[in-house]
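Make a model of the complete structure from these sequences and hints.
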Amino acid sequence: MRPFFAKYRAKAGWFLLICLTGYAVLNLLWQSVRLYPGLPEKDPVTLHEERIRQLESLLPASGEVGYATTVENDKIFAAEKAFQNVEYLAQYVLTQYTLAPVIVRNSPEFPLVVGNFLDGPPPPGFLEKNGLAPLRDFGDGLILYRRDQQK
Amino acid sequence: MTFSFSASLLTSLIIGCLLSFIFIPHLKNGAAGLAFRLFAGGGLGIGVTSCVYFICLLAGLTRYVPAIDLVICLVLGLLCFVLSRRGLRKEPLQLSEIGTFSGFRVLLTVIFSIELIASLLSFAIAFLKEPHGKWDAWLIWNMHARFLFRSGEEWRSVFTGGLDWSHWDYPFLLPLSIVRSWNYMGGESRNVPALMGLLFTCLILGLLLCSLSLLRSRAQGYLAPMILMGTPFFIALGASQFADIPFAFFILATLVMLFFQRRSPGNHAGPLILAGIAAGLCAWTKNEGLLFVPIVTVSLAGTAAYTGGWRQSFKRTGWFLTGALPVLLIVLYFKTWLSPANDLVAGFSLAAASAKLLDLGRYVEIARAFFITGISFTQGLIDVRVGMHLNPGAVNILLLVVYLLLTGIKIDEKDRVCLFQTAAVLLLMLAGYFFVYVMTPLDLNYHLMTSLNRLFLQLWPSAVFLFFMAAGLPEPASLAGGLPETASLQPQKGPGKGKKHRETKEMK
Chain A
1 MRPFFAKYRA KAGWFLLICL TGYAVLNLLW QSVRLYPGLP EKDPVTLHEE RIRQLESLLP
61 ASGEVGYATT VENDKIFAAE KAFQNVEYLA QYVLTQYTLA PVIVRNSPEF PLVVGNFLDG
121 PPPPGFLEKN GLAPLRDFGD GLILYRRDQQ K
Chain B
1 MTFSFSASLL TSLIIGCLLS FIFIPHLKNG AAGLAFRLFA GGGLGIGVTS CVYFICLLAG
61 LTRYVPAIDL VICLVLGLLC FVLSRRGLRK EPLQLSEIGT FSGFRVLLTV IFSIELIASL
121 LSFAIAFLKE PHGKWDAWLI WNMHARFLFR SGEEWRSVFT GGLDWSHWDY PFLLPLSIVR
181 SWNYMGGESR NVPALMGLLF TCLILGLLLC SLSLLRSRAQ GYLAPMILMG TPFFIALGAS
241 QFADIPFAFF ILATLVMLFF QRRSPGNHAG PLILAGIAAG LCAWTKNEGL LFVPIVTVSL
301 AGTAAYTGGW RQSFKRTGWF LTGALPVLLI VLYFKTWLSP ANDLVAGFSL AAASAKLLDL
361 GRYVEIARAF FITGISFTQG LIDVRVGMHL NPGAVNILLL VVYLLLTGIK IDEKDRVCLF
421 QTAAVLLLML AGYFFVYVMT PLDLNYHLMT SLNRLFLQLW PSAVFLFFMA AGLPEPASLA
481 GGLPETASLQ PQKGPGKGKK HRETKEMK
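First to last, the protein sequences are chains A and B. Each residue of the first sequence is one higher than the last, beginning at 1 in our numbering. Each residue of the second sequence is one higher than the last, beginning at 1 in our numbering.
Calculated directly from the structure, the hints in this document are not laboratory data. Treat each hint with caution, since some may be false.
Claimed, not checked - Okay, the calculated beta carbon distance ranges per label pair:
hint	chain 1	residue 1	chain 2	residue 2	range
1	A	G120	B	P66	45 to 51 Å
2	B	G30	A	P60	56 to 62 Å
3	B	N267	A	Q31	46 to 52 Å
4	A	L35	B	F348	51 to 57 Å
5	B	P66	A	S57	28 to 34 Å
6	A	S57	B	L360	55 to 61 Å
7	A	P60	B	A431	45 to 51 Å
8	B	P66	A	D119	41 to 47 Å
9	B	R385	A	D74	19 to 25 Å
10	A	Q54	B	L58	34 to 40 Å
As the list claims (entries may be wrong) - A few chain A residues that face chain B, going by a derived Cβ cut-off under 7 Å, partial list only:
hint	residue
11	L28
12	S32
13	I103
We put the CB at the ideal spot given by N, CA and C, even for glycine.
Right, dumping it as structure tokens:
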């Protein structure tokens, strides 16, 4: 029996490896192919980029701008760390990704502030508290603000 | 645009290949040897040219980068020519015989090709779904590339821009490789980061195939990349445009070069220098490389001292560090003069560190995560809403263990030290990662869930390489009705080459 097993066990090893890797590769391909017809024409990052890129003509070529969104700025990172909401952080990061090399600070305390309200308006009183006056509304929740320097 | 992009890759490839010709002049074995140079040299070339680009960035010479690359190509080409004229290519490496095609090998080649095409299709669909890559790609790597390219002369300002969340302490190999291609092209292209991901994914597969074909047998060479192609996370991470795949390439390249050094006649130092360059490029790719370099150095010094005494150890370690040093100096400059403090190190205090070190609960939580992820990481990113759970899939570490049990272990005497060394490096890397988690200032569960599977995948190609270096050699001739192919020979000459029935020869 021992030589019999010795003879065939190596072949069993290759057979097992070829079958399982083949299954895994084809399974991944099948899942990908099933996904393909449902893919949107444009991916979310490209869509967000096109939306944010409208700001470029009104912003300086370099320097810093502020940022405001649906929640207070300190909650953007906290919500992601707590696995509660990654959308606010994703929207902020993609705003920076699009506008680079202009630095988008996670704070409303800058002369120019990008308002990104894709998920709803800012908290009540937030704009007044920070002295933010709309400079231009691009629609779809994108507003560029000018900050009252006295605030 | 396509021509310019190809030119940027071609100069990297030529520089890498010339380096391999200079440092491994005695590698022959026809097509497999040449393919090895292309795959190993391709990756090393990309790494080296990103270092050159960084120096040009510091010197304000980025507009001359194509010309500088060309000069480097010419200098290396000339050096290569001079070395070949001086006849430094006498003794070949002691490699396995490539031999002719048997029925088994043809079948294996067909299956490999099908799997490769299927994997490339999966990669392409993943790219179409997320052409900008996944989260870390646009939060870190591609973001850095954009800043460096768009900022022009003002690129240093980003380090003081308060964008710590984008991890500006992460090294620049990948971003600068992208920027370098954009520089050649004269503008940005969304496809370049994805092509870099594809390139490094293919380079790992190719390096694994060629190195195992040369060091063991072509059958082993085909089987090992099939394990990687059957790892959904490997393909997904390549398409995600993260730096983990380039990092995995440089780890693999380092360890492969150490094996080549053992096979080289008279312990030629060339492969050790290339191993050093690859290790240095690990540190230039990801911060984990700063752990990898000392671990490889110590294990190399330790094994060399054990087998050949301290004199031998100093010599071998010296050659290795000679290769690593130029890249490490660049990393040192980057870390000391440019980058902000790492988020894991910032705010470090002895009191907090000792409290964490003495917290047994942390060890248990990390050990549990290591066990679950160790078996499941091949299947992809963790869904944070579900949490960690066992998901072994079809291909995982257990498959390799079962394969090893079935084929048995057959270790060449000359590879024994390198196998021990490679296993030690991989285990020490895991131990290092373990203690990074013990000490992490981040929430432990958050840190484990968002990074551990990627850390395992970084080591996965090298672990697969290690398993196949130890596995019993396939005996295709027994399937085809001939003699087993187990010979490890110098490249054969004369009429014996290509015979179906070959003598099984012992290594010198």
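Each hint tested on the structure:
| no. | hint | verdict |
| --- | --- | --- |
| 1 | G120/A <-> P66/B: 45 to 51 Å | 49 Å, holds |
| 2 | G30/B <-> P60/A: 56 to 62 Å | 59 Å, holds |
| 3 | N267/B <-> Q31/A: 46 to 52 Å | 48 Å, holds |
| 4 | L35/A <-> F348/B: 51 to 57 Å | 44 Å, violated |
| 5 | P66/B <-> S57/A: 28 to 34 Å | 32 Å, holds |
| 6 | S57/A <-> L360/B: 55 to 61 Å | 59 Å, holds |
| 7 | P60/A <-> A431/B: 45 to 51 Å | 49 Å, holds |
| 8 | P66/B <-> D119/A: 41 to 47 Å | 45 Å, holds |
| 9 | R385/B <-> D74/A: 19 to 25 Å | 24 Å, holds |
| 10 | Q54/A <-> L58/B: 34 to 40 Å | 35 Å, holds |
| 11 | L28 | 5 Å, holds |
| 12 | S32 | 4 Å, holds |
| 13 | I103 | 4 Å, holds |
Checked against the numbered hints listed earlier, the structure breaks hint 4 alone; every other hint is satisfied.
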